[in-house]
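Please work from the sequences and hints to get the whole structure.
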Amino acid sequence: MSTTIPAAPPSTPARTRPHRRAPVTDRARKERNLGWLLAGPAFIAMVAVTGYPILNAVWLSLFDYRLTDPAGRDFVALGNYVTILTDGLFWKQFGVTSLITVVTVSAELVLGFALAMVMHRALYLRTALRTAILVPYGIITVVSAYAWAYGFSNTYGFVNGLFGLGDYDWFGGTWSALFTVCVAEIWKTTPFMSLLLLAGLAQIPDDYLEAAKVDGATAWQRVKRVILPNMKAAIMVALLFRTLDAFRIFDSVFIMTAGAQGTETLSFLAYRQTISRVMVGLGSAVSVILAVLVVLIAVMFVKVFKTDLSQQRGDRK
Amino acid sequence: MVRHRPHRRVAGSALVLFAAACALSGCGGGEGGATSLTYYIADAAQADVAARCATESGGAYTFDIQRLPNNAAGGREQLLRRLAAEDRSMDIVSVDPPFMAEFANAGFLRAFTDQERQEFSDGVLEGPLKQSTFRDTLYSAPLYGNTQLLWYRKSVLQKAGVDPSAGPVTWDQLIEGASRAGVTVAAQGRRNESLMVWVNALVASAGGSILQPGSENVPADQVEAGLDSPAGAAAARIMHELAVSPAAPAGFSTAGEEDSRAAFQAATGGFMVNWPYVWAAMDAGIEEGSLPANFKDDVGWAAYPRVDAGTESASPSGGLGLSISAFSRKQDLAVEAIRCLADERSQKEFMISAGNPAALGSVFDDPDIRAKFPMADQIRTGLDAATPRPVSPYYGDVTGAIQTAFHPPDSLSPETTPRAANDLLEAVLSNERLI
Numbered sequence: 001m002s003t004t005i006p007a008a009p010p011s012t013p014a015r016t017r018p019h020r021r022a023p024v025t026d027r028a029r030k031e032r033n034l035g036w037l038l039a040g041p042a043f044i045a046m047v048a049v050t051g052y053p054i055l056n057a058v059w060l061s062l063f064d065y066r067l068t069d070p071a072g073r074d075f076v077a078l079g080n081y082v083t084i085l086t087d088g089l090f091w092k093q094f095g096v097t098s099l100i101t102v103v104t105v106s107a108e109l110v111l112g113f114a115l116a117m118v119m120h121r122a123l124y125l126r127t128a129l130r131t132a133i134l135v136p137y138g139i140i141t142v143v144s145a146y147a148w149a150y151g152f153s154n155t156y157g158f159v160n161g162l163f164g165l166g167d168y169d170w171f172g173g174t175w176s177a178l179f180t181v182c183v184a185e186i187w188k189t190t191p192f193m194s195l196l197l198l199a200g201l202a203q204i205p206d207d208y209l210e211a212a213k214v215d216g217a218t219a220w221q222r223v224k225r226v227i228l229p230n231m232k233a234a235i236m237v238a239l240l241f242r243t244l245d246a247f248r249i250f251d252s253v254f255i256m257t258a259g260a261q262g263t264e265t266l267s268f269l270a271y272r273q274t275i276s277r278v279m280v281g282l283g284s285a286v287s288v289i290l291a292v293l294v295v296l297i298a299v300m301f302v303k304v305f306k307t308d309l310s311q312q313r314g315d316r317k
Numbered sequence: 001m002v003r004h005r006p007h008r009r010v011a012g013s014a015l016v017l018f019a020a021a022c023a024l025s026g027c028g029g030g031e032g033g034a035t036s037l038t039y040y041i042a043d044a045a046q047a048d049v050a051a052r053c054a055t056e057s058g059g060a061y062t063f064d065i066q067r068l069p070n071n072a073a074g075g076r077e078q079l080l081r082r083l084a085a086e087d088r089s090m091d092i093v094s095v096d097p098p099f100m101a102e103f104a105n106a107g108f109l110r111a112f113t114d115q116e117r118q119e120f121s122d123g124v125l126e127g128p129l130k131q132s133t134f135r136d137t138l139y140s141a142p143l144y145g146n147t148q149l150l151w152y153r154k155s156v157l158q159k160a161g162v163d164p165s166a167g168p169v170t171w172d173q174l175i176e177g178a179s180r181a182g183v184t185v186a187a188q189g190r191r192n193e194s195l196m197v198w199v200n201a202l203v204a205s206a207g208g209s210i211l212q213p214g215s216e217n218v219p220a221d222q223v224e225a226g227l228d229s230p231a232g233a234a235a236a237r238i239m240h241e242l243a244v245s246p247a248a249p250a251g252f253s254t255a256g257e258e259d260s261r262a263a264f265q266a267a268t269g270g271f272m273v274n275w276p277y278v279w280a281a282m283d284a285g286i287e288e289g290s291l292p293a294n295f296k297d298d299v300g301w302a303a304y305p306r307v308d309a310g311t312e313s314a315s316p317s318g319g320l321g322l323s324i325s326a327f328s329r330k331q332d333l334a335v336e337a338i339r340c341l342a343d344e345r346s347q348k349e350f351m352i353s354a355g356n357p358a359a360l361g362s363v364f365d366d367p368d369i370r371a372k373f374p375m376a377d378q379i380r381t382g383l384d385a386a387t388p389r390p391v392s393p394y395y396g397d398v399t400g401a402i403q404t405a406f407h408p409p410d411s412l413s414p415e416t417t418p419r420a421a422n423d424l425l426e427a428v429l430s431n432e433r434l435i
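Protein sequences appear in the order of chains Y and Z. Using the working numbering, you'd call the opening residue of the first sequence number 1 and step up by one each time. Using the working numbering, you'd call the opening residue of the second sequence number 1 and step up by one each time.
If you're looking for bench data, these hints aren't it; they were derived computationally from the structure. Take these hints with a grain of salt, some might be off.
Restricting the straight-line Cα-Cα distance to at most 25 Å, the calculated cross-link-like pairs of lysine to any residue (SDA-like) are [unchecked claim]: (1) 92/Y / 294/Y; (2) 92/Y / 422/Z; (3) 296/Z / 155/Y; (4) 296/Z / 156/Y; (5) 92/Y / 423/Z; (6) 372/Z / 302/Z; (7) 372/Z / 166/Z; (8) 92/Y / 295/Y; (9) 92/Y / 430/Z; (10) 130/Z / 69/Y; (11) 154/Z / 280/Z; (12) 296/Z / 367/Z; (13) 92/Y / 427/Z; (14) 92/Y / 432/Z; (15) 30/Y / 42/Y; (16) 92/Y / 372/Z; (17) 159/Z / 301/Z; (18) 130/Z / 344/Z; (19) 159/Z / 291/Z; (20) 348/Z / 133/Z; (21) 296/Z / 155/Z; (22) 92/Y / 413/Z; (23) 232/Y / 203/Y; (24) 92/Y / 280/Z; (25) 92/Y / 192/Z; (26) 232/Y / 267/Y; (27) 232/Y / 204/Y; (28) 159/Z / 172/Z; (29) 92/Y / 201/Y; (30) 154/Z / 167/Z; (31) 92/Y / 410/Z; (32) 92/Y / 420/Z; (33) 159/Z / 302/Z; (34) 159/Z / 78/Z.
In structure tokens:
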């Protein structure tokens with residue numbers, strides 16, 4: 001029970017330890033082995049349940065394969081990818097997905113930051129406040145999508161009544177339908193963003209802010225010069241997580257518009273080909289492209305924006 | 001002792017997890033013994049009939065009822081996924097007729113024998129029977145047939161200057177009359193299966209067909225569409241004209257059957273095309289108090305509107321058939337159960353509780369049915385004239401392409417839509433384009 005945990009965040013007294021440590025002690029090796037032993041089963045299970053389907057999807061994407069016609073399965077190499085990338089529908093839906101991602105993530109960042117500040121600074125009812133802010137995130141996306149679909153409905157929704165819009169049909173036009181989808185997404189996931197940002201806020205030592213105050217910095221200057229620079233890592237991680245999530249948006253679109261009025265996203269394209277049309281090959285190819293795009297986004301964040309994922313764990317230098 | 005405890009706890013937790021997973025996913029489902037049949041139902045009222053049949057069988061069989069999603073596309077997807085995975089826990093499945101060919105072609109359904117075919121088609125109306133057979137084999141025992149009627153509010157007829165009770169009316173007359181009277185013509189403009197139903201009825205009423213005849217027997221990439229025709233143009237024209245006319249209810253491009261009913265029941269309601277279930281649904285509205293007690297006195301019905309004044313309309317065809325999974329291990333017992341589930345008494349019960357018309361002609365002569373459904377004769381005539389949606393092993397692609405090409409209705413054009421729809425449909429079937 002009393003063994004030291006190797007990955008403990010280095011605190012001041014531990015500073016000297018690396019000097020005393022031999023290259024690899026027996027004990028360290030044993031601990032490393034124990035680590036593998038403990039993590040091993042989970043690692044194997046993860047590879048089995050994620051690795052196999054991914055590889056299988058890549059393999060299937062090379063075939064013209066309809067689930068209801070297994071005998072007609074043909075190897076078409078990269079034919080499916082050519083079909084997808086030369087179809088205007090793919091690029092249109094790529095545009096819609098990107099638009100939804102940019103709009104929702106930006107709005108969530110601003111709102112999430114404001115909510116994080118509120119949660120951080122609240123003097124009274126802290127727990128109640130935090131719980132209240134997190135409630136939307138605890139709601140299943142499908143349920144929240146239904147709630148907003150009913151809310152924006154032109155027959156029994158509250159939105160039209162509240163703003164005196166009569167029987168305006170939100171889901172009848174591309175822009176208004178996309179607006180409703182974005183509202184549902186932002187409402188649902190802003191709490192997640194604020195939670196990640198709150199973790200970043202909590203890491204800023206109060207001394208910094210007090211020092212700034214003593215130096216005569218205004219509230220805005222403190223936010224801009226002290227809080228934001230010190231939260232950069234947390235903000236980037238929050239943006240990365242949300243962007244990856246937002247780019248795969250499916251539930252809200254599926255429930256609220258069923259993809260009508262040009263609101264289909266890339267996940268919807270994969271669903272339509274794989275589940276509705278049972279064109280497993282073509283659908284797998286769309287999924288593979290979607291996965292590659294998601295990886296590219298992650299790489300862009302890590303390499304270009306230098307997002308340091310370890311910062312989120314509190315391993316500060 | 002102390003050392004063992006964690007192991008035991010882990011083992012215990014694993015057991016609990018496994019049990020919970022089983023309870024949630026229903027693993028080992030349908031294992032309720034050799035006499036338990038897993039029955040996938042599409043309508044809650046099927047469960048009541050099933051309960052009676054199980055009791056009457058004297059223990060010969062019981063049902064494990066599984067409910068399918070309440071929209072046609074969702075039901076198709078769930079059945080398709082499970083059948084493609086050769087799920088042996090499925091015995092009797094409720095199949096929406098347009099999807100039957102796709103399942104049958106893939107070998108997912110057990111074909112009824114000649115003797116069974118005789119038994120299950122005896123006395124069944126033409127429309128429901130036609131859509132239960134594929135390549136001259138019966139794959140579904142018709143449980144109910146369905147067709148749309150034209151519903152109207154008697155109080156608006158004079159102002160609109162159209163009288164469907166005096167003889168057949170055309171879509172153009174309805175749109176013009178409703179616009180004049182300031183009332184609506186409710187139809188299903190939502191992009192789902194109901195849009196396909198409307199397009200098919202319009203194309204067929206204009207004397208055309210979405211797929212060229214004989215297309216059910218050729219590979220997907222050789223299927224030829226029939227939309228680039230005067231019939232396809234007529235369909236696009238009528239849909240567009242209604243959508244942009246003052247007679248279109250609010251939210252026309254997102255309105256399904258229930259939205260249509262709401263529009264019809266509203267103060268500006270005038271005309272509506274819809275399935276006969278609306279009649280039973282209006283009763284519910286009256287009971288709840290959301291509709292005045294005498295509402296139904298103002299409601300009339302007539303044959304589905306025509307496209308050309310001189311050509312009889314081809315009303316939409318729907319319904320439900322009971323099929324047996326080809327992977328079921330209790331197929332004979334399932335046939336036995338269907339004998340009860342789809343017999344005359346069951347169809348009558350089902351028609352009364354769910355409002356869905358029977359597939360057997362004799363049910364329409366029943367005094368109880370005639371009392372509850374004053375339009376029984378009209379439905380029966382409609383069922384005989386109903387034109388099924390295209391019979392195709394690739395129906396999923398066909399309906400998907402049509403729903404994409406014919407939506408939203410206000411953007412359609414008789415000049416460009418038919419050709420674009422034709423090209424899209426053929427390209428999708430040839431795996432050249434996405435939908």
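Do the hints match the structure? See the list:
About 17 Å separates the Cα atoms of residue 92/Y and residue 294/Y, which keeps this hinted pair within 25 Å; it holds. Taken as a hint, the residue 92/Y and residue 422/Z pair is honoured in the structure, with Cα atoms around 21 Å apart against an allowance of 25 Å. Of the pairs offered as hints, the one joining residue 296/Z and residue 155/Y holds, with about 22 Å between alpha carbons and a cut-off of 25 Å not exceeded. A threshold of 25 Å between alpha carbons decides the hint, and for residue 296/Z with residue 156/Y the separation of about 23 Å falls inside it, so the pair holds.
Between residue 92/Y and residue 423/Z, the direct Cα distance comes to roughly 19 Å. Compliance with the 25 Å bound is thereby established for this hinted pair. With a C-alpha separation of about 17 Å, the suggested pairing of residue 372/Z with residue 302/Z holds against the 25 Å cut-off. Taken as a hint, the residue 372/Z and residue 166/Z pair is honoured in the structure, with Cα atoms around 23 Å apart against an allowance of 25 Å. Taking the CA atoms of residue 92/Y and residue 295/Y, the gap is about 20 Å. The hint holds against a cut of 25 Å.
The straight-line distance between the Cα atoms of residue 92/Y and residue 430/Z is roughly 21 Å, inside the 25 Å bound, and the hint therefore holds. Between residue 130/Z and residue 69/Y the alpha-carbon distance is near 24 Å, which keeps this suggested pair within the 25 Å criterion. A hinted pair counts as satisfied when its Cα atoms are at most 25 Å apart, and residue 154/Z with residue 280/Z qualifies at roughly 18 Å. The hinted pair formed by residue 296/Z and residue 367/Z meets the criterion: a straight-line CA distance of about 20 Å does not exceed 25 Å.
Straight-line distance between C-alpha atoms of residue 92/Y and residue 427/Z comes to about 18 Å, which keeps the hinted pair within the 25 Å bound. Annotation: proposed proximity of residue 92/Y to residue 432/Z holds, straight-line Cα distance about 17 Å (limit 25 Å). Restraint check for residue 30/Y and residue 42/Y: the C-alpha separation of about 19 Å stays at or below 25 Å, so the hint holds. For the hint linking residue 92/Y to residue 372/Z, the alpha-carbon distance of about 51 Å lies beyond 25 Å, and the restraint is violated.
Under the criterion of a C-alpha separation no larger than 25 Å, the hint pairing residue 159/Z with residue 301/Z is consistent with the structure, at around 18 Å. Proximity of residue 130/Z to residue 344/Z is assessed by CA-CA distance (about 19 Å); at most 25 Å being required, the pair is judged to hold. For the hint pairing residue 159/Z with residue 291/Z, the CA-to-CA distance comes to about 23 Å; that is within 25 Å, so the pair holds. Our distance criterion of 25 Å between C-alpha atoms is met by residue 348/Z and residue 133/Z, whose separation comes to about 23 Å.
Distance check on the hinted pair: residue 296/Z and residue 155/Z sit about 12 Å apart at the alpha-carbon level, within 25 Å; holds. The straight-line distance between the Cα atoms of residue 92/Y and residue 413/Z is roughly 22 Å, inside the 25 Å bound, and the hint therefore holds. At roughly 11 Å between alpha-carbon atoms, residue 232/Y and residue 203/Y fall within 25 Å of each other, so this suggested pair holds. With a C-alpha separation of about 43 Å, the suggested pairing of residue 92/Y with residue 280/Z is violated against the 25 Å cut-off.
Note on residue 92/Y and residue 192/Z: the hinted pairing holds, with a Cα-Cα distance of about 21 Å set against a maximum of 25 Å. Between residue 232/Y and residue 267/Y the CA atoms are separated by roughly 30 Å; this puts the pair beyond 25 Å, and the hint is violated. The hinted pair formed by residue 232/Y and residue 204/Y meets the criterion: a straight-line CA distance of about 11 Å does not exceed 25 Å. Between residue 159/Z and residue 172/Z the CA atoms are separated by roughly 16 Å; this keeps the pair inside 25 Å, and the hint holds.
A threshold of 25 Å between alpha carbons decides the hint, and for residue 92/Y with residue 201/Y the separation of about 38 Å lies outside it, so the pair is violated. In summary, the hint linking residue 154/Z to residue 167/Z is supported, as the alpha carbons are separated by about 14 Å, within the 25 Å threshold. For the suggested pair residue 92/Y and residue 410/Z, the alpha carbons sit about 21 Å apart, so the restraint of at most 25 Å is met. Proposed proximity of residue 92/Y and residue 420/Z is supported: the alpha carbons are some 18 Å apart, at most 25 Å.
For the proposed pair residue 159/Z and residue 302/Z, the alpha carbon gap of about 18 Å is at most 25 Å, so the pair holds. The straight-line distance between the Cα atoms of residue 159/Z and residue 78/Z is roughly 47 Å, outside the 25 Å bound, and the hint therefore fails.
Comparing the model with each earlier hint shows violations of hints 16, 24, 26, 29, 34; every other hint is respected.
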